[in-house]
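2 protein chains.
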Amino acid sequence: MSKPGAQVLMTLRQQIASGELPGGTRLAEIPTAQALGVSRMPVRMALRILEQEGLLVRAGARGYTVRSVTLDDIVAAVEVRGVLEGLAALRAAERGLDQVADTALRQCLADGDALFAKGHLIEGDIAAYEDMNIRFHEVLLAAGGSQAIREALMRNDHLPFASVKALAADKNDLEREFRRLNYAHMQHHAVYDALAKGQGARAEALMREHANATLAYTDLLSGLSS
Amino acid sequence: MSKPGAQVLMTLRQQIASGELPGGTRLAEIPTAQALGVSRMPVRMALRILEQEGLLVRAGARGYTVRSVTLDDIVAAVEVRGVLEGLAALRAAERGLDQVADTALRQCLADGDALFAKGHLIEGDIAAYEDMNIRFHEVLLAAGGSQAIREALMRNDHLPFASVKALAADKNDLEREFRRLNYAHMQHHAVYDALAKGQGARAEALMREHANATLAYTDLLSGLSS
DNA sequence: CGGCTTATTATTGGATCCAATTAAGGGCAA
DNA sequence: TTGCCCTTAATTGGATCCAATAATAAGCCG
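Protein chains in written order, with this note's numbering: chain G, 13 to 238; chain H, 13 to 238.
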């Protein structure tokens with residue numbers, strides 16, 4: 013209630029991401045405003061922003077509809093994330109890691125090693141891995157030292173499932189997740205090795221491939237529009 | 013007057029791109045609204061959109077300031093454009109060119125050849141080359157067949173000087189421009205050759221390098237903030 | 001009976017008004 | 001004289017109102 017604008021934006025984002033508003037749903041100002049208990053103004057702002065982010069598309073001259081996102085869309089967005097993070101890794105390797113970045117990355121690797129050392133995963137480990145994973149990618153991006161890459165990535169990550177933060181782990185099959193996440197973590201190790209040795213091309217190629225590790229195809233197939 | 017909203021947006025974009033509103037300039041709603049002769053509402057919309065596009069940054073909790081764009085920012089944005097168009101080229105090569113794309117690209121090459129055949133450039137040729145250049149990049153992007161790449165590029169191109177459309181030709185030194193644009197056109201030829209032969213990696217590498225052809229460093233150095 | 005035209009309604013965009021928040025400046029006290 | 005607090009002004013965000021526009025439905029004419 014303190015910030016209706018931000019509230020509306022968050023709510024709509026969440027409803028779109030969660031599938032509560034499936035692709036193709038028409039969003040008019042007045043009904044949504046009434047549904048959320050605010051005036052039309054914050055809704056208008058939110059709709060414009062969500063359009064800019066690519067979550068909504070204009071329905072002719074009359075309002076917006078929720079974007080229908082296909083599996084191909086997600087794969088393409090992940091591919092884009094791959095080349096962008098790859099470029100960040102290339103630049104980081106060429107510039108060299110500074111002290112704090114090096115320490116942070118080593119910490120990420122150690123945290124991951126601790127998770128996998130016991131040979132299996134327990135429920136809380138998924139969240140711990142996600143946290144470490146986000147940190148790793150964030151540090152790497154910062155080490156790339158390019159505002160343009162950061163912005164392009166932030167824009168790209170608006171798409172549901174495309175972000176690093178949405179790695180869609182299946183908590184019901186911890187055995188399978190162990191292998192998947194362990195593989196991803198090994199890629200982290202390899203990327204760090206390449207960075208430390210100044211091997212830009214290798215770091216880039218690894219990060220490009222690593223983007224695919226986010227995808228858990230079978231899980232994604234359910235709950236997609238069109 | 014028919015469309016105050018779009019008018020305000022266009023005007024502000026142009027004033028920012030032209031340097032009439034230099035980096036760091038504070039933009040408050042009321043003064044700009046009065047200056048443009050409209051109410052605060054379309055200005056508010058425009059400011060939000062321009063913030064999303066990255067042309068404005070928030071000044072604390074009070075209004076926006078025009079983003080200061082450095083030469084490094086532009087180089088980084090061009091680098092990002094390179095990897096994105098490179099990815100589009102890679103995908104286009106792997107998917108294969110369809111009939112209309114192939115024809116359109118050949119037409120672009122022929123148009124360019126005609127321009128350079130006479131051994132020198134005349135004033136109107138610059139505009140003709142720009143037109144052909146935009147067409148070439150557009151067709152290639154379409155051939156990549158990825159909405160994610162297109163969106164990432166569109167967002168990246170909002171930055172002044174970063175877009176394909178801003179190749180900053182120096183009309184006072186047509187001799188130098190002849191060599192520069194001819195080189196760029198040769199890269200177009202090479203990219204098409206790679207595409208036609210299904211050489212994805214080659215096409216990608218060429219497009220990545222080709223992005224740099226937009227930059228005319230000496231011309232850009234003047235008129236930049238900070 | 002069907003197509004075209006017109007009228008009505010739904011919906012967005014713009015303007016003005018109001019409240020809330022923050023920054024700045026001045027005054028008072030130590 | 002300086003620092004802190006209080007008051008005031010400026011500016012943004014939200015709500016309501018009004019106008020313009022497009023879509024839909026109904027009625028009339030062919």
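Derived by calculation from the structure, the hints in this document are not laboratory data.
Do not rely on the hints blindly, as some may be mistaken.
Treat identical chains as interchangeable: a pair holds within one or across any two.
Said to hold, decoys possible - Keeping only pairs whose Cα atoms sit at most 25 Å apart, straight-line, the calculated SDA-like set for lysine to any residue is:
| hint | residue 1 | residue 2 |
| --- | --- | --- |
| 1 | K183 | P43 |
| 2 | K183 | R74 |
| 3 | K130 | K209 |
| 4 | K15 | R52 |
| 5 | K177 | P43 |
| 6 | K130 | A202 |
| 7 | K183 | D110 |
| 8 | K15 | G75 |
| 9 | K209 | S175 |
Which numbered hints fail
1, 2, 3, 5, 7 and 9
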